[in-house]
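K.L.:
Protein sequences, first through last, are from chains A and B. The letter at position 93 of the first sequence is residue 92 when you use numbering that gives the first Met the number 0, and the numbering goes up by one with no holes. The letter at position 125 of the second sequence is residue 124 when you use numbering that gives the first Met the number 0, and the numbering goes up by one with no holes.
In short, the hints are calculated from the structure, not lab data. From the three backbone atoms N, C-alpha and C, an ideal C-beta is built for every residue, glycine too. A portion of the hints provided could be inaccurate.
Which chain A residues face chain B? A few, computed with CB under 7 Å, are given here [stated by the list, open to error]: (1) Y6; (2) C37; (3) Y59; (4) K61.
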Amino acid sequence: MSSSDIYRELILDYYRNPRNFGKLDPHDIESRDSNPLCGDEIEIQIKVSADNKIEDIRFYGKGCAISQASASMLTELAKGKPLEWVKELSKQDILKMLGTSDLGPARIKCALLSMKVLKVGVYGYLGANLEDSVNH
Amino acid sequence: MLKSQSLEVERIRADFPILKRRVHGKKLVYLDNAATTQKPRSVIKAISDYYMKHNANPHRGVHQLSIEATEAFDESRRRIGRFIGATAFEEVIFTRGATESLNLVRFGWGVPHVKEGDLIVLTIMEHHSNIVPWQLLAAEKGARIEFVRITEDGKLDEEQFEELMSESPALVAFTQCSNVLGTINDVSKLCSLAKRSGATTVVDAAQSVPHMPVDVQKMDCDFLVFSGHKMLGPMGIGILYGRRSKLQEMQPFQSGGDMIKEVHTSGARWNDLPYKFEAGTQNVEGALGLSAAIDYLDSLGMDKVRQHEEDLTAYALERMEGAPGITVYGPKKASERGGVVSFNLGDIHPHDIASILDEEGVAVRSGHHCAQPLIESLGIAAATRASFYVYNSREDVDALMSALAKARRIFCI
């Protein structure tokens with residue numbers, strides 16, 4: 000698949016009208032990262048339910064259509080899922096979500112930035128909770 | 000129409016094997032020359048000839064090959080020096096590129112000379128490589144940095160520059176040509192103002208030496224840096240020009256073989272200029288490749304190279320002015336800028352534009368162009384940049400414009 004095939008109506012719709020865009024207060028998880036090459040920025044905030052599920056999730060950021068649409072679609076996908084689900088999330092899942100088989104090395108980072116942010120946030124939260132339970 | 004008034008583009012293109020290749024099934028339209036340029040056959044041949052016929056470690060052996068390598072290396076230094084008007088062999092130092100040249104000045108001159116409370120003056124249009132070494136130097140020494148602003152039309156605020164000179168800065172570093180705006184600074188004037196205030200001057204010529212006649216004597220700068228790969232030469236070779244009196248008062252940068260005269264268990268004595276700053280076995284193939292690149296540019300004539308790029312830039316600016324949704328940054332007149340056109344198209348992110356352009360075989364750069372302070376001062380997140388060289392034609396600009404029209408269609412603007 001050529002890289003410009005990614006610019007389909009669906010992606011552009013998510014880019015122009017991002018779902019779950021904004022900040023979430025209060026939140027239990029906050030994570031952000033940027034892609035130094037592109038200047039893409041993604042921040043994700045999550046409210047965690049009592050049974051360790053993603054009760055609510057929002058993203059905030061700026062960047063190219065691929066990074067922003069990917070983040071928006073990912074928040075929709077993640078909502079209601081157990082935190083453990085995030086651990087299983089892979090590059091292939093993101094490509095499938097975007098409806099493409101490959102993006103090439105230059106643009107794949109844009110697509111995967113939000114997954115990285117989500118994983119870092121959730122791993123940090125699970126790690127911190129683990130420490131809490133060990134300490135108590 | 001491939002013939003410009005100044006250069007025979009079609010003939011030039013035949014010298015660059017890579018320009019024949021196709022990208023995504025389309026003719027390659029290479030407009031990323033401010034990042035790096037393509038290489039003519041003569042440069043590639045100079046490098047392969049060196050390895051096929053003359054390779055040896057220069058300055059070390061007395062055998063025939065070593066003598067040949069030494070002579071070729073020395074001759075390339077003279078050749079490169081003549082190209083920028085350097086009068087002395089000793090004033091031309093080989094480095095890995097403009098970035099290493101700037102770091103050499105930071106360690107060799109900056110560390111022993113810049114003191115606590117000193118002022119370092121930069122401009123907001125500098126490439127990161129002409130900012131970060133000075134930030135680290137300032138942090139180490141407790142010096143402070145002031146950035147000269149740009150005016151609304153993308154030119155250096157010379158009034159502010161003059162004001163800052165009244166504060167007697169220790170060091171003033173500025174670009175001759177912005178890699179984003181294309182703005183050509185009046186370096187002779189800036190050097191003269193800086194010199195009068197007692198400052199040491201560093202000129203980043205990475206975007207000027209490849210594109211226009213440059214003369215370090217006329218400019219009267221203390222240091223000037225550029226890279227080989229941005230001017231048809233190979234990667235990994237660059238130049239630091241330094242005024243002899245400045246180079247003499249400097250400490251070595253890297254240390255090891257070749258930069259010493261004598262080494263004893265009690266200490267060492269440094270080699271003479273320029274070798275004092277060239278530790279270890281040097282990039283001889285790079286020096287020969289750069290020398291061949293300069294032969295090629297001189298055969299075209301740097302005045303004509305400049306004229307050609309000015310013509311192309313004027314054409315690109317004219318086409319972009321007539322196209323909906325395009326914002327161009329930098330001076331309005333092509334005569335005031337190098338062959339670099341940075342722009343945004345509507346609210347489309349430059350990386351999306353670059354992807355769509357790539358699909359059409361058009362290679363451009365997108366992002367912050369290693370000039371984040373400038374990009375921030377323009378109030379934007381990123382820009383797309385087309386940059387020209389000797390093998391580009393108006394047809395390349397036309398290809399760029401039709402690819403941009405495709406981007407406009409995809410994003411419905």
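K.L.:
Now tell me if each hint is right for this structure.
P.N.:
Tested hints:
1. Y6: holds, 5 Å
2. C37: holds, 5 Å
3. Y59: Cβ of Y59/A sits 14 Å from chain B, so the hint is violated.
4. K61: holds, 6 Å
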